[in-house]
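Since the structure of chain A is provided, determine the placement of chain B on it from the hints.
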Amino acid sequence: MSERIPVTELTDGFRDRAEVALADGQLRTNFRTAMDSLMKKRADAFPDEEEREGLRELGNRIKARALSRLPDLLEQLEAKLTDNGVKVHWAETTEQANEIVHGIIQARQGSQVVKGKSMVSEEMEMNDYLAERGVECLESDMGEYIVQLDGEKPSHIIMPAIHKNRSQVSKLFHDKLGVEETDDVNELIQIGRRTLRRKFMEADVGVSGVNFAIAETGTLLLVENEGNGRMSTTAPPVHIAVTGIEKVVENLRDVVPLLSLLTRSALGQPITTYVNMISGPRKADELDGPEEVHLVLLDNGRSGAFADAQMRQTLNCIRCGACMNHCPVYTRVGGHTYGEVYPGPIGKIITPHMVGLHQVPDHPSASSLCGACGDVCPVKIPIPELLQRLRQENVKSPAEGAKVKDGGAKYSRKERLVWRFWRTLNSSPVLYRLFLWGATRFRKLTPKNVGPWTENHTAPVPAKRSLHDLAREHLARNGGQ
Amino acid sequence: MSARSNILNKLRTGLAGSIPRPDDFDERLVTEPWQYAPEDRITRLRNLMEAVHTEIHQVSSDNWPDKVAEILAARNLSNLLHAPATAHGQKLAEYWPKSGSSAQLLAYDRPVEEWKEELFWEVDASITGTVGAIAATGSLVLWPDRHEPRLMSLLPPLHIALLKASQIEDNLYAMMQRQNWSAGLPTNLLLVSGPSKTADIEQVLAYGAHGPKELVVLILEDV
Numbered sequence: 001m002s003e004r005i006p007v008t009e010l011t012d013g014f015r016d017r018a019e020v021a022l023a024d025g026q027l028r029t030n031f032r033t034a035m036d037s038l039m040k041k042r043a044d045a046f047p048d049e050e051e052r053e054g055l056r057e058l059g060n061r062i063k064a065r066a067l068s069r070l071p072d073l074l075e076q077l078e079a080k081l082t083d084n085g086v087k088v089h090w091a092e093t094t095e096q097a098n099e100i101v102h103g104i105i106q107a108r109q110g111s112q113v114v115k116g117k118s119m120v121s122e123e124m125e126m127n128d129y130l131a132e133r134g135v136e137c138l139e140s141d142m143g144e145y146i147v148q149l150d151g152e153k154p155s156h157i158i159m160p161a162i163h164k165n166r167s168q169v170s171k172l173f174h175d176k177l178g179v180e181e182t183d184d185v186n187e188l189i190q191i192g193r194r195t196l197r198r199k200f201m202e203a204d205v206g207v208s209g210v211n212f213a214i215a216e217t218g219t220l221l222l223v224e225n226e227g228n229g230r231m232s233t234t235a236p237p238v239h240i241a242v243t244g245i246e247k248v249v250e251n252l253r254d255v256v257p258l259l260s261l262l263t264r265s266a267l268g269q270p271i272t273t274y275v276n277m278i279s280g281p282r283k284a285d286e287l288d289g290p291e292e293v294h295l296v297l298l299d300n301g302r303s304g305a306f307a308d309a310q311m312r313q314t315l316n317c318i319r320c321g322a323c324m325n326h327c328p329v330y331t332r333v334g335g336h337t338y339g340e341v342y343p344g345p346i347g348k349i350i351t352p353h354m355v356g357l358h359q360v361p362d363h364p365s366a367s368s369l370c371g372a373c374g375d376v377c378p379v380k381i382p383i384p385e386l387l388q389r390l391r392q393e394n395v396k397s398p399a400e401g402a403k404v405k406d407g408g409a410k411y412s413r414k415e416r417l418v419w420r421f422w423r424t425l426n427s428s429p430v431l432y433r434l435f436l437w438g439a440t441r442f443r444k445l446t447p448k449n450v451g452p453w454t455e456n457h458t459a460p461v462p463a464k465r466s467l468h469d470l471a472r473e474h475l476a477r478n479g480g481q
Numbered sequence: 482m483s484a485r486s487n488i489l490n491k492l493r494t495g496l497a498g499s500i501p502r503p504d505d506f507d508e509r510l511v512t513e514p515w516q517y518a519p520e521d522r523i524t525r526l527r528n529l530m531e532a533v534h535t536e537i538h539q540v541s542s543d544n545w546p547d548k549v550a551e552i553l554a555a556r557n558l559s560n561l562l563h564a565p566a567t568a569h570g571q572k573l574a575e576y577w578p579k580s581g582s583s584a585q586l587l588a589y590d591r592p593v594e595e596w597k598e599e600l601f602w603e604v605d606a607s608i609t610g611t612v613g614a615i616a617a618t619g620s621l622v623l624w625p626d627r628h629e630p631r632l633m634s635l636l637p638p639l640h641i642a643l644l645k646a647s648q649i650e651d652n653l654y655a656m657m658q659r660q661n662w663s664a665g666l667p668t669n670l671l672l673v674s675g676p677s678k679t680a681d682i683e684q685v686l687a688y689g690a691h692g693p694k695e696l697v698v699l700i701l702e703d704v
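Protein sequence lines correspond, in order, to chains A and B.
Counting in the working numbering, the first sequence runs from 1 upward without gaps.
Counting in the working numbering, the second sequence runs from 482 upward without gaps.
If we strip away everything but chain A, and leave its shape as in the complex, we get:
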């Protein structure tokens, strides 16, 4: 079996991890199969182009409107949730968010947490934080449970274990849970169900993410297919929801198009099996539901992206994963190669604001700029345009002032000088002609090794005659025709 690449053990950069991933045939097959299928499902879910484009336009306008009033909406959301009996917490950093979550658990003397799928909790590395403090935090989404059991991180934001096939999962369950190996996916899911059901019953606290937070009614909306989200938010006596500050929308009706865009773009489903709309803890006379509900609002670099009108569009994201599914780079290297919580095109534009460009200097360049991500984005984030902007920010000199966290990560004086020389050469007719004359006459002197290019390509050699020469000769021969 080919070697897996657990993200937690990786220290090298994107390029090195990409080398490993590209050489892993099993991994490439697993991703290719999955992404081809997800692309087809999305296409089938939007048979009417006019309807799809109208809805994308509406989705974009709704998110832009919410962002244009974001601080007011966050305050309205807080006020409404508080009225409903939900306690709202604010965190600028993941450390603060973890402290808040741990504080709530400690107040209940809790030791067991079940967690529904939540990418923000991945940002926080909540599992590790709580484990270090003696609290067991178990993933309950089947995919997340599988990767957690294998000591890995998710490789896709919707399908966390998509890099594994059934025999890998079967072997994992056999090794970790002591069950018989089986190639029957249904049986594997039932093993997960039995194991996790006891945990749902015993857990002191349930943690979930949030897909949309509705300011108008003070409602946390959560989509899922498995029921683990419902379990985590209903069975334990405490529910803690964690979310980024950009997830708030103004009105309840705003979620109608967003929900349709989300589920159809992600998995090609008209809707998920469960759509949870949570507006408060158990009322005094109710028989179940959590006694306490908390919401932790996390910034973690989002306000930095927000400060720049162009980069603010990054925060439109509704986390459907369609950009990954359609990305030729993601499909070939897989999610772990990115080495961060959010892989693929959306990861490349959101991660720099969270961790700084110094941490992910290769991300903006890890794209063919083919435009597929922008074409499929349900809320019309111009991802290629933002990647180009990040590339510019990446090479800015310190004197120009960074507009993105740790901008100028790839600034090089040498490269600047080369480009300046190239500009001068191409803007002076005399120099240009001189260069062409030299390049064609001394073509044999071209180096055989020109860095990364010649790793996979033959070295470029100038032609014997320049195009200008040939054209001039052609025109002379044909009387200027």
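It cannot be assumed that every hint is accurate.
[Said to hold, decoys possible] Subject to a maximum C-alpha distance of 16 angstroms in a straight line, what follows is the list of computed EDC-like cross-link-like pairs (lysine to aspartate or glutamate):
| hint | chain 1 | residue 1 | chain 2 | residue 2 |
| --- | --- | --- | --- | --- |
| 1 | A | K283 | B | E594 |
| 2 | B | K491 | A | E75 |
| 3 | A | K396 | A | D362 |
[Stated by the list, open to error] Stretch-level coverage of chain A by chain B, calculated; a stretch enters the list once three of its residues show a Cβ under 8 angstroms from a Cβ in chain B:
| hint | region |
| --- | --- |
| 4 | 54-62 |
| 5 | 142-150 |
| 6 | 155-162 |
| 7 | 223-235 |
| 8 | 243-256 |
| 9 | 280-286 |
Note that these hints are calculated values from the structure, not bench results.
Positions of the beta carbon are idealized from the N, C-alpha and C atoms, including for glycine.
Then chain B, alone, in the frame of chain A:
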């Protein structure tokens, strides 16, 4: 400065000089493609829900408990959880001794903490009402409350839901407007569109992930 004021200040600085975008929500985009003739709504709902392994029966408003007994007998189940304070719960309880069913009728009439273990492991099936359904997406709308708690539709492996045919709306937007959701929501409103499922392993669809393995909808013909 608190995290709250730091975050809000940063956001307000980012918006300085800008004006909020207008609310130009175009409801036609979420209603017009999703409208059905009244007689087609049930067909649309059936098609979508059956495609995701939901079992649907159209029954009369009077004798639906017969169907419930039949469903339990076919599966040889030993008990059924119901909500005794609801109208449908009362009807079922009244009818049950006459049904000849061997399944025991359980009542969700005490806090979950008093019988959590039993609820998790020993209840075979449950029956709940709905406040309607959405034809466009094939979704039931559940509005849990003190009489019909949240876990009823989640824990038992078989969930039977009662749906009045007259309460099937075209789309989610129409449902929200008709029931005036923005005026107040329950602690946990739910859209349920099939039995629990997952495709997390190789995208192979498997039913019965964490919630009910089976969903049976009884559409009560009241129109």
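Evaluated hints:
1. K283(A) / E594(B): 15 angstroms, holds
2. K491(B) / E75(A): Holds: K491(B) and E75(A) sit about 14 angstroms apart, inside 16 angstroms.
3. K396(A) / D362(A): 15 angstroms, holds
4. 54-62: holds (count 5)
5. 142-150: holds (count 3)
6. 155-162: As far as the region 155-162 of chain A goes, the hint holds, because 4 residues have Cβ atoms under 8 angstroms from chain B.
7. 223-235: holds (count 9)
8. 243-256: As far as the region 243-256 of chain A goes, the hint holds, because 7 residues have Cβ atoms under 8 angstroms from chain B.
9. 280-286: holds (count 6)
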